[in-house]
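A.B. asks: Each chain, written out:
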Amino acid sequence: MRGTRVAGAIALGTLGGLLAGSHGDAEETRWQIDPDKCIGCSHCSTYCVLDESAVKCVQCFDMCGYCDICTGYLDTNYDDVNTAAENQLCPTAAVVREFVEDKAGQRFYQYTIDEDACIGCGKCVKGCALMNGSLYLQVMHDRCVNCNECAIEKACPTQAYTRVPAEKPYLVKAQAQSLYESKLADEALAQDDPVAKLMRMVTMR
Amino acid sequence: MVRILVIGLVLVVSSNATAELIPTPDFTSHAIPTTEVPPGDGAGWEYVDVAALAIALGLASYFALVTRSRKHLFALSFASLVWFGFVRQGCVCSIGATQNVSLALFDPAYVIPITVVVFFLLPLLFTLFFGRTFCAAVCPLGAIQEFVSIKNVQIPRWVDHSLGLLAWIYLGAAVIFSATGTAFLICRYDPFVGFFRLGGNANMMIAGGVLLLIGVFIGRPYCRFLCPYGAVLSVFSRFSRFHVRIPPTQCITCGLCSEACPYGAIEAPVAPALPSEASRGRSRLGWILLASPLIVAVFAATGSMMRVPLSQMDLDVQLAQQLRMETLGLATTTTDASDAFRNARRDERVLFESVLVKQQQFGRLGLLLGAWIGVVISVKLVSLAIRRPHADYRADTKNCVSCGRCFWYCPVGDAPAGKNVANEQPEPSQLVQIT
Ligand code: SF4
Ligand code: SF4
Ligand code: SF4
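Protein chains in written order, with the numbering used here: chain A, 1 to 205; chain B, 1 to 435.
Some hints could be false.
[To be verified] Cβ-to-Cβ under 7 Å is the rule here; a few derived chain A residues that face chain B:
(1) Thr4
(2) Gly16
(3) Asp51
(4) Tyr109
(5) Tyr111
(6) Val145
(7) Glu167
The set of hints was computed from the structure by calculation and includes no laboratory data. The beta-carbon is built from N, C-alpha and C at its ideal position, and this holds for glycine as well.
Please work from the sequences and hints to get the whole structure.
C.D. replies: As structure tokens, this is what we get:
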């Protein structure tokens, strides 16, 4: 009896040692979408265990063309370029269109995501992918409960979900990363600059 | 060959072309904003959880063995349910951590966070010393069932024993599916996590509701018949250094505890075998021992034939099948996965090769799973065939979750904890001995 117990204790110790050894300097992890793999299939809005998905759309302004005819904003068979609901791709009108400037006869609009309204369906992501692909989905870490098996991960057709370190739980598109990096490098930005702040939350590849 | 090269070049060129963006305009009076994302809360909570786990385990063991207080245990399980269940919403738990451990052992690419290792090991260690005090008042799944266990209906022994095998089979399945990175079954089919999160997969919520309803009459159905971690704990508890004991001093064989236990975890006294019974018992044991290799072999063979259905749980295998069907013109529609695969121009060959490897893996693992089921059944049969005479009512250390109901009902006066009697079978006079 005692022998069995000792054997049990030794087994546990070995297992612990083995796992701790292979664990190396691995940190706690969170789920995140690799935006370069995501195709905006809409599973993110339906498979999350939360009633309102933890996944939301974000706009990478530095990649956006500020187009008038935005393929992420307008439904493919829009009647007119305006903010009428039937012209919008987004089912919850979460993409907010604001006029910015008229330049050389071109009208530019800024598109911002209303995070509260966004349901993470990825329609705009799919639309935007036809142009610049500045809209992309991310797991929002004020909402995600970090399931051990992420239900969306298992449903994602492109296996876009990965585990990232908990300290930097976001990813940006590879293209955006190089844009941000050059911005950070040549402007010697202050600590509280928004770009610097964002990049502190992003796991670099 | 040349043609393939040309096509390759065209592909490279076209994918470069799409990479060029419409430039972000140079606005005269508008600053380009920066994307904002809500900050994560870092890894802090995980460490708090580990600390909470250690404290809760310590307290549970203290309440079960030293103060022998059902009231304290009850309060602690309430606290655990609130914290690990409703506040932390169930992830990661020790039960699920089993899968992370098995994935980490089989897949070198997966690095397991140290807190998950602790979550897996700590309750096992405590159980090795104090019995299943984790189940008593720390596990939120146990706690939620503990609270609904109101009316105690005893189920026939053989039903209890047979259903109890399910947990072992579930454990085997969970290990092979997590080892191959196919699925975390325990998490996917966790019946109570939906309650903790106040919403979730409807089917699992219904399953959880049904389990709780059953749990009103048949105590802790998940723990007894399904929980894979509970299965592991039961072995550790069997050999624990200390374990809750029902009568603090001498058992008066009134049987009250046995009626109080909703989990069928109390063994009634067993008289020593009569000579005729003993010889019958011996021959039965002999037959079982002879039959067990056969049982194992049959199950192993069946398991190895499960290669295909088992591997079909895997996403890559599903994708490969879909692609094959599409090329053969057997599939009428494409799936998101196959579209994505083709759009990304991934190499089908590579996928098929990895799928072949996976299927072989599932062949081996299916065989192991089958053999495992055979072993589990044989061990159960052997243990049922062995008669262990004892004079008093005592907790079956394997299945007892140290909930404390029995000594609450025991009319014999109180005294502190005792040794695990299953280990030593002491003389009655030694039963009072402490530690
Ligand atoms: S499931 Fe995958 S591909 Fe679909 S929207 Fe989510 S991340 Fe993108
Ligand atoms: S881990 Fe859970 S909560 Fe987070 S995105 Fe996945 S399913 Fe949703
Ligand atoms: S048997 Fe499993 S579910 Fe039940 S209390 Fe123990 S660990 Fe928790």
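A.B. asks: Confirm or reject each hint.
C.D. replies: Structure-based check of all given hints:
| no. | hint | in the structure |
| --- | --- | --- |
| 1 | Thr4 | holds, 5 Å |
| 2 | Gly16 | holds, 5 Å |
| 3 | Asp51 | holds, 5 Å |
| 4 | Tyr109 | violated, 10 Å |
| 5 | Tyr111 | violated, 11 Å |
| 6 | Val145 | holds, 5 Å |
| 7 | Glu167 | holds, 6 Å |
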